[in-house]
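**Q** These are the residues of each chain, in order.
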Amino acid sequence: MRMYLQFLARCFRLSFVGDRRYYAWMFFLTVFVLLGINAYCKQLVQGMATTGMTDQVSWGFYIANFTFLVGMAAAAVMLVIPVYIYRNRELHDLVIFGELFAVAAIVMAMLFVTVDLGRPDRFHHLLMRFNFPDSMLTWDILVLNGYLLLNLHICGYLVYCAYRRREPSKIFYIPFVFIAIFWAITIHTVTAFLYSGLGGRPFWNSAVVAPRFLASAFAAGPAFLILTLAVLARFTTYRVVPKAFMTLRNVVTVALTVSMFLLGSEMFTELYTGSAHGASARYLFFGMHGRTALVPWIWSAIGLNLCAMFLLYLPISRRLPVLQIACVMLIVGIWIEKGMGMIVPAFIPTPLGELVEYVPTLNELLVTIGIWAGGLLLYTVLVRVTIPVLSGRLTFDRPYQLPDEITRAPDHVQTVG
Amino acid sequence: MSPRLVTIPLVPAAKVDSSALIVGPRRVAMTDPPQLLVEGRSENCNACHQVFRSSSVTRAALSYHQEIVLMHGLNDRCVNCHDAENRERLTLRDGETVPFADAPRLCAQCHGTVFRDWERGTHGLTLGSWITDSDQQRRLGCNECHDPHSPRYPAYVPLPGPQTLRMGEQDTDSAAAHGHGKLSPLRPRMGKESSH
Amino acid sequence: MSGKPDIRIWDGPTAARVGMEPELTRRSFLRTGAAALGAMAALAAALAPLRELGGDDMPSLGQFLQKHYKEMTSDEMEEALERIRIKVEARFDVRPHLRDIKPMEGVEFVYALNLSRCIGCRKCVHACVAENNQSRSPEIQYIRVIEMPRGTLDVEQGNHHYDHPTVPDESHFYMPVQCHQCANPPCVKVCPVEATWQEADGITVVDYDWCIGCRYCEAACPYWARRFNFAKPVLPKEQLNPNMSYLSNRPREKGVMEKCHFCLHRTREGRMPACVEICPTGARKFGNVLDPRSEVSEILRTKRVFVLKEEVGTLPRFFYYFDERYPNTLDPEALAIAERLRREEGDAYGALPGADGPSRAVVAAAQPADWLAPAAMPVTGARA
Chain A
352 MRMYLQFLAR CFRLSFVGDR RYYAWMFFLT VFVLLGINAY CKQLVQGMAT TGMTDQVSWG
412 FYIANFTFLV GMAAAAVMLV IPVYIYRNRE LHDLVIFGEL FAVAAIVMAM LFVTVDLGRP
472 DRFHHLLMRF NFPDSMLTWD ILVLNGYLLL NLHICGYLVY CAYRRREPSK IFYIPFVFIA
532 IFWAITIHTV TAFLYSGLGG RPFWNSAVVA PRFLASAFAA GPAFLILTLA VLARFTTYRV
592 VPKAFMTLRN VVTVALTVSM FLLGSEMFTE LYTGSAHGAS ARYLFFGMHG RTALVPWIWS
652 AIGLNLCAMF LLYLPISRRL PVLQIACVML IVGIWIEKGM GMIVPAFIPT PLGELVEYVP
712 TLNELLVTIG IWAGGLLLYT VLVRVTIPVL SGRLTFDRPY QLPDEITRAP DHVQTVG
Chain B
6 MSPRLVTIPL VPAAKVDSSA LIVGPRRVAM TDPPQLLVEG RSENCNACHQ VFRSSSVTRA
66 ALSYHQEIVL MHGLNDRCVN CHDAENRERL TLRDGETVPF ADAPRLCAQC HGTVFRDWER
126 GTHGLTLGSW ITDSDQQRRL GCNECHDPHS PRYPAYVPLP GPQTLRMGEQ DTDSAAAHGH
186 GKLSPLRPRM GKESSH
Chain C
21 MSGKPDIRIW DGPTAARVGM EPELTRRSFL RTGAAALGAM AALAAALAPL RELGGDDMPS
81 LGQFLQKHYK EMTSDEMEEA LERIRIKVEA RFDVRPHLRD IKPMEGVEFV YALNLSRCIG
141 CRKCVHACVA ENNQSRSPEI QYIRVIEMPR GTLDVEQGNH HYDHPTVPDE SHFYMPVQCH
201 QCANPPCVKV CPVEATWQEA DGITVVDYDW CIGCRYCEAA CPYWARRFNF AKPVLPKEQL
261 NPNMSYLSNR PREKGVMEKC HFCLHRTREG RMPACVEICP TGARKFGNVL DPRSEVSEIL
321 RTKRVFVLKE EVGTLPRFFY YFDERYPNTL DPEALAIAER LRREEGDAYG ALPGADGPSR
381 AVVAAAQPAD WLAPAAMPVT GARA
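Chains as they are written, first to last, in this note's numbering: chain A, 352 to 768; chain B, 6 to 201; chain C, 21 to 404.
The reader is advised that the hints may include incorrect statements.
[Claimed, not checked] Taking lysine-lysine pairs in the PhoX-like style, the calculated list, with each CA pair at most 25 Å apart, reads:
#1 C:209 / B:20
#2 C:122 / C:107
#3 C:209 / C:90
#4 C:257 / B:20
#5 C:87 / C:252
#6 C:329 / C:209
Calculated directly from the structure, the hints in this document are not laboratory data. Small disclaimer: the values here were computed from a predicted structure and weren't measured.
Isolated chain A, as found in the complex (with noise of 0.2 Å):
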């Protein structure tokens, strides 16, 4: 126990240790950390009508991106498949990346739906009274938090036997990655059955919702560890392998064409029949009496999915300079479709026909970035802490190596890891 303590311990003052661009990247995320905590303030004195919500648009820009980020965290996943059920060995140190990545997606996801409520102070009496099964919310907090507990478990326990330099127990790890390939789908599918179970908004009362939001999510997730590995590879001494890329393109590619096909299968049921239920398809594609607030922002997330797609099919992709153009595209695409194309629409026109749009306003934003920044924040620290482990540089039985560097103690200091 008091060497788990101390292990959290030199993690903490390790996350304190880095070069100049580390310091400015956490610099620059405590910024807007900080201003989105101070925005978050300004929401709690004020009520939440510093957000751009209204009855009529109820569920805004935090939800939105709730959605997206579950989605995120759900992506982990597919880095689990292609190790432990194809035994793809190279890729293994990935999953912990990967998993990283979910905790700090879940926790964000978490996050979100906090600063959604109106009173955030009577948290407790989702203790004291849960409305089980029948709100599609407490399973989502069951199936969230079990989550996040899931992937803290198999990260921890395999970075702490790194650290320990002994060889993981497979009894408490490998049954559980097994659960959280089943988990992770199913955070997603439960967060999609939120919306889809509501038979008094057409625009999600469909049954490819739940398809849609895994297939998006399966293609940015990935593509977002692409890109943080491509981070990883530039700025630290972790060496990727470049067929970690390549699993992760084709992850992307295939997740990608099945999301834009469910896409299309959507437009068409909602669009074809002219129908009343198409009312919010309608507005959203192509705008209603007047208002068109979200069809820019459609088709260009359209568009930006369907450039990514292309470039993706094409062999140059296979270069990193441009896979990375078409991640960053495509997860700006999905982040769009799936949380202004998806969750705003539904609310306009409002169940009784009235047209109310929705702008997030900058309060709202301000805290939404700095989730975000606190997410990065923690994700940051998260494998910053990871990497010297599974290195072998930070061990219980020395000091903390630089890399590439071997100091040693003066023979005269005695050292105590």
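Chain A is already provided as a structure; the job is to place chains B and C on it using the hints.
**A** Here is chains B and C on its own, set in the frame of chain A:
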């Protein structure tokens, strides 16, 4: 407004005069026996009508009671409802006269379906209580809502529409903003040109 | 070097330079300290808006520990009521008549609305606001009156924001919508903390002290009936209605949901809801559907009632119907007959048989034959 806080675009509350929200009958029905203000005094109808001959049968021929607006559709002869012999009674079609308090029996002769609904409680206003036959329940009579000479309701000035948070610009003109599409058989051929 | 072994945690760049002694520890300590202080100052600045939190924004300990409505004993309820009374008195200088009213036995409330009679005057909207202590700014109104073109029930073709000089407008009918207290309520199903539930008399209620403000119910409602307090409600003191109950019209706080509750502080004591009493045309009908002699039972038996969005399966307790006359404007058919008769009859027009007027034959030619018979009408006495 503290500089630490965010400006929220609040709209001031709609002004609604409390006189628009008074609960109760729209009109005061005629008393029974009926009375009218004559030179500041309240007089029974027969105070004049037993003395003067009043044989007018149409509104146009009336030389007194000028304040009456008669817009009762096909029913435009005074003696259809008012007893020609005794102005303090109303007359039914078979010649029977009824007091003013029984005016609904008169209305029922032509407005049978409405009267049937009114008896059931599905037409007209019920005040006080929803409990059937309770002491607090008060069903309004025909003349407590309808002017018997001009029973059609006058137009009302609508109270202010919704002004909710961040509502944005909303079109007050229904025809422009909504209504049936170009293909619909109900496209704007119906509506304004069908009546008057 | 002292005799004691030099033991320290060996980490960090200061210790990692090749061959160097860790002699910069004091400087690094000061640097770390300064950084930490700076970070804390920045955090304090970030948290500064919290200083604007007022006394009544923060929940008291009693409020924090308050149980769910269904779990409170009557003593705990009385404590909660007293807390609320004190708060209301402090805020509005009026001691409210606040109680918790249980449903009446053998009652299931149903609402019926006669679309032939609604003239779109919006008195119901504002009477409700006057009765139920909603926020005036931001504005919360439970009832929305929709101006509909003839020939459709598709609310998307309606207009909420009509603003004619007078109503009713001749080419439209008017459809007010409020919470339908559905028998299969989607809002109750989705609430994660059971802050909203349906009571025995059919009213779906909200415990304002339990709601966490997630707004899932607002997303779930197919009739857009639920409202959220996006800001601290603004209610002028003189407009407070002191006749309150726990589950209905006591003043709410920011961050919680609310909606039409059929004025249960009135209806559970036998009175009519505010919207029913104010309606000048009697278009609104309310009562106990379990009583076969109630007005609403009569309507459900004899009128062609329908519900909105029936396909969603919510089983609303709010029924709409049209009377024989549609819509409530001048019936164009009647005018056409009147015009024709005026042309044909001349001076004799308008006289009913039995009075001085044209012969029965003339009138019979103009009207269906059975209209002539002065049948012994079953006129029962006026109920007024």
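**Q** For each hint, tell me whether it holds in the structure or not.
**A** Hint-by-hint comparison with the structure:
| no. | hint | verdict |
| --- | --- | --- |
| 1 | C:209 / B:20 | 37 Å, violated |
| 2 | C:122 / C:107 | 23 Å, holds |
| 3 | C:209 / C:90 | 17 Å, holds |
| 4 | C:257 / B:20 | 15 Å, holds |
| 5 | C:87 / C:252 | 23 Å, holds |
| 6 | C:329 / C:209 | 18 Å, holds |
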